[in-house]
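S.K.: Kindly produce the complete structure, drawing on both the sequences and the hints.
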Amino acid sequence: MDVSLALFWAFAAVAVAGAVGVIVMRQPVHSALFLLLTFLAVAVLFVVAHAEFVAAVQVLVYAGGIMVLFLYTIMLVNVRRQAGEPYLHRQAGVALGVGLLLLAVVGGVVLGDARRLADAHAAAPAARLTEVVGSGVAAGNSQAVGWLLYREYLLPFEIASVLLLVAMIGAVVLGKRTMEKFD
Amino acid sequence: MVTVAHYVGLSFVLFTIGVVGVLIRRNLLTVLMSIELILNAVNINLVAFARQLGDLTGHVFVVFVIAVAAGEAAIGLAIVVSLYRLKSTVSLDDASEMKG
Chain V
186 MDVSLALFWA FAAVAVAGAV GVIVMRQPVH SALFLLLTFL AVAVLFVVAH AEFVAAVQVL
246 VYAGGIMVLF LYTIMLVNVR RQAGEPYLHR QAGVALGVGL LLLAVVGGVV LGDARRLADA
306 HAAAPAARLT EVVGSGVAAG NSQAVGWLLY REYLLPFEIA SVLLLVAMIG AVVLGKRTME
366 KFD
Chain S
74 MVTVAHYVGL SFVLFTIGVV GVLIRRNLLT VLMSIELILN AVNINLVAFA RQLGDLTGHV
134 FVVFVIAVAA GEAAIGLAIV VSLYRLKSTV SLDDASEMKG
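So the sequences go chain by chain: V and S. Residue numbering for the first sequence follows our numbering, beginning at 186 and increasing consecutively. Residue numbering for the second sequence follows our numbering, beginning at 74 and increasing consecutively.
Simulated from the structure, these hints should not be mistaken for laboratory data.
Output of the computed footprint for chain S on chain V, the stretches with three or more beta carbons under 8 Å from beta carbons of chain S:
{"no.": "1", "segment": "211-218"}
{"no.": "2", "segment": "228-238"}
{"no.": "3", "segment": "286-295"}
{"no.": "4", "segment": "310-316"}
If you anchor each label on the Cβ, the simulated ranges turn out as follows:
{"no.": "5", "chain 1": "V", "residue 1": "Leu296", "chain 2": "S", "residue 2": "Ser169", "range": "33 to 41 Å"}
{"no.": "6", "chain 1": "S", "residue 1": "Ser169", "chain 2": "V", "residue 2": "Leu287", "range": "19 to 27 Å"}
{"no.": "7", "chain 1": "V", "residue 1": "Val290", "chain 2": "S", "residue 2": "Val141", "range": "25 to 33 Å"}
{"no.": "8", "chain 1": "S", "residue 1": "Leu159", "chain 2": "V", "residue 2": "Gly249", "range": "25 to 33 Å"}
{"no.": "9", "chain 1": "V", "residue 1": "Val358", "chain 2": "S", "residue 2": "Leu165", "range": "21 to 29 Å"}
{"no.": "10", "chain 1": "V", "residue 1": "Gly355", "chain 2": "S", "residue 2": "Glu170", "range": "15 to 23 Å"}
{"no.": "11", "chain 1": "S", "residue 1": "Ile148", "chain 2": "V", "residue 2": "Leu287", "range": "22 to 30 Å"}
{"no.": "12", "chain 1": "V", "residue 1": "Val283", "chain 2": "S", "residue 2": "Ala168", "range": "16 to 24 Å"}
{"no.": "13", "chain 1": "S", "residue 1": "Ser169", "chain 2": "V", "residue 2": "Tyr257", "range": "24 to 32 Å"}
{"no.": "14", "chain 1": "V", "residue 1": "Met260", "chain 2": "S", "residue 2": "Lys160", "range": "14 to 22 Å"}
Values in this document were obtained by computation on a predicted structure and should not be read as measured data. The beta carbon of each residue, even a glycine, is placed where N, CA and C say it ideally should be.
M.R.: In structure tokens, the structure reads:
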């Protein structure tokens, strides 16, 4: 078993354990910490897949930004919960069954296809993920992604920045207005 | 050797856990966290196929997905805060005004 496969199984197990922790923990703050564990494990898996830039963005934006946002909200929304109150929906049993069915049926089909793809074609050489597209110049993964992002995908990039601006304004408006109206 | 099938399998397991989380939890915060899990599962798929095909476009798309996820988290959590101010709860069962 080579190193990358051992790393994959180790961190895939951590990611799945963290994800299960997110949905079974009673307190939201425990769920948030398990979510952080999953994000970091997935970042390691991105590095294993030679996606160093994406791994860095995952740690900065997800494990840094979004996680702080969640923890702040949990702090603001201090829910005093009765000990005996159920925290799972009453349809939980059915939902779990449907989820397992989804996993078995769709997962089986998709995994079968992915297996066939992996058997038919070997993975492309990893060097292609670090070379500037079309020039053959070897650079880092970050430089290659940046080249593609600012040359080929400049318009979507600008639209994404407008989307984030709209989201920011929306969050400010939503957070402010209800206070004045209902106090 | 880690193949694309390994990543697709892991991605689907995380996706299913996220979907089940959305369905079984009553707390709006945990439902939002489950949605983040689903988006992360999609990112794993994009990175895996970028690796398999040697095409960096997948990485660029992951950056866009993360940007959309950040916007979604900001709006979603603002909705959580305003729901809490309105009803002093974040339980989804208590937010049923628009139920027919």
